[in-house]
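A.B. asks: Once you have looked at the hints, place chain B on chain A.
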Amino acid sequence: MRTGRVLIVIGLLGVTAAYVRAIAFTGVEAVQGPAQKIMYVHVPSAWCAFMAFSLVGICSGLYLWLGDRRLDTFSEASAEVGIVLTGLVLVTGPIWGKPIWGTWWQWEPRLTSTLFLFFLFVGYLTLRRAMFDPAERARYSAVVGILGAMLVPFIHLSVYMFRTIHPRPVVLNPEGPTMPGAFVATLLFSLSAFTVLYLGLVTTRYGLGRLRELREARHVSAA
Amino acid sequence: MKASLPGTIAAALIIAGKDLRSELRRRTALVSAVVFAALILVIFNFARDPTSLRAEQLAPSAFWITCAFAAVTALSRAFAVELEHGALDGLLLAPVPREALFLGKFLGNLVFVLLVESVALPLFVLFFNVSLKGALPGITLVALLATVGFVAVGTVFSALTARVRFNELMLPVLLLPFMLPPLAGAAQVTAALLNGRPLLESAGWLRLLLVYDITFVTLSLLVFPALFDE
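Chains A and B, in that order, are what the protein sequence lines are.
Taking this note's numbering, the leading residue of the first sequence gets 1, the next gets one more, and so forth.
Taking this note's numbering, the leading residue of the second sequence gets 1001, the next gets one more, and so forth.
Since the hints were made in silico from the structure, they are not lab data.
Since we're looking at a predicted model, the values are computed, not measured.
Cβ atoms here follow ideal geometry from the backbone N, Cα and C, with glycine treated the same way.
A few of these clues could be false.
Said to hold, decoys possible - From chain B, some residues computed to sit far from chain A (all C-beta separations above 12 angstroms):
hint, residue
1, Leu1005
2, Phe1069
3, Pro1097
4, Glu1099
5, Leu1126
6, Leu1169
7, Pro1172
8, Val1173
9, Gly1185
Claimed, not checked - Taking CB as the label site, the calculated pair distances span:
hint, chain 1, residue 1, chain 2, residue 2, range
10, B, Leu1039, A, Ala130, 41 to 49 angstroms
11, B, Leu1083, A, Met150, 39 to 47 angstroms
12, B, Ala1055, A, Val43, 58 to 66 angstroms
Unchecked claim - Chain A is nowhere near these chain B residues, computed Cβ spacing over 12 angstroms in every case:
hint, residue
13, Gly1007
14, Leu1039
15, Ile1065
16, Pro1122
17, Phe1127
Next comes chain A alone, as it looks inside the complex (with noise of 0.2 angstroms):
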């Protein structure tokens, strides 16, 4: 838990700095303007949306395999953490594609596969929520993060093959022009301000995790 709150406090500190880096000390992008700058916080919280998601995956297999519940605690943890960084991704997404796509929502295979993150991680959380007995909860949840992990590929490339077959005319490529290289670094430093702010917030959800079932433990021994 205390891991948890250094974690946090770091990350919080590291975005900060990320922010004043990225108004302060890194150039304006020539064409999209300052509405550039939502990008470091949409691609790293991005970045590690799609890691809390790999990793409730991998971890709901390994709970499978080896049953240990503290594999289902951290997939928990993971997952709510995650649906907040996808929230993230989904609001700054439209905020910077007004202005740049010139409309809110586009079906781009990310985009897409980000919004059904979302909804997978709701439908798992919600299954959680919904179940009661420790150990049966462990257990469909972890089928539905192992399937649920292995569905955001198929998604990637069904909405793409979709595109393809449907093109838009005048989009502004989302792989953007290549970035110079200060643009780079700010990225790459809030990224890893992101990851240490998803470490922290997962550390923390999952030390309360475990007080959870540490007093569930005690209160079924009381009884």
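C.D. replies: Structure of chain B alone, referenced to chain A:
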């Protein structure tokens, strides 16, 4: 429990046969699923602006969304029905591996959903004024490829949600994301076929559907036993 492959398949066929027999004898499920599908097709026709969108343009999406919803309603019953009179306990006590239980339920659901789709297809032709001339073999193939994948995942989720609170809401929330790849593929291929384009043009989608089927049938088979690990 370890069992030989032929034994597992034989047990799976017996379970699937039992499910289909009881569905056909009772008929309520099949009739209501078919009526449900017919109603959605009718509603689709009225939920559009007839001056700007012709029925034919909406046809592939209407057909596949209808099939998806009909499948969800069918799947939501697949395990719920076993909970009545403790039938599930009897099924779990039977000396068959869990994999056979999955395969049996999966095959039963698959035949049921395909049956609903095959009744919905003529209605679709009737309501949406499309011509299936030359497109029928292709549509059959893509329907089979699309249905196998989501029924496999749906069978797992049906077992999973049967004993969870709010199960009638939980199943669609979990299952609908998994329907995006099969439905996108099926609607695209159907649209191409109805426009008279050759099936080979859609080889990419068919390949994606096939990989999806292999992935999710295998994965469902592997994770299903974990749901009854007690």
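A.B. asks: If any of the earlier hints don't hold here, list their numbers in rising order.
C.D. replies: 6, 7, 8, 9, 10, 11 and 12
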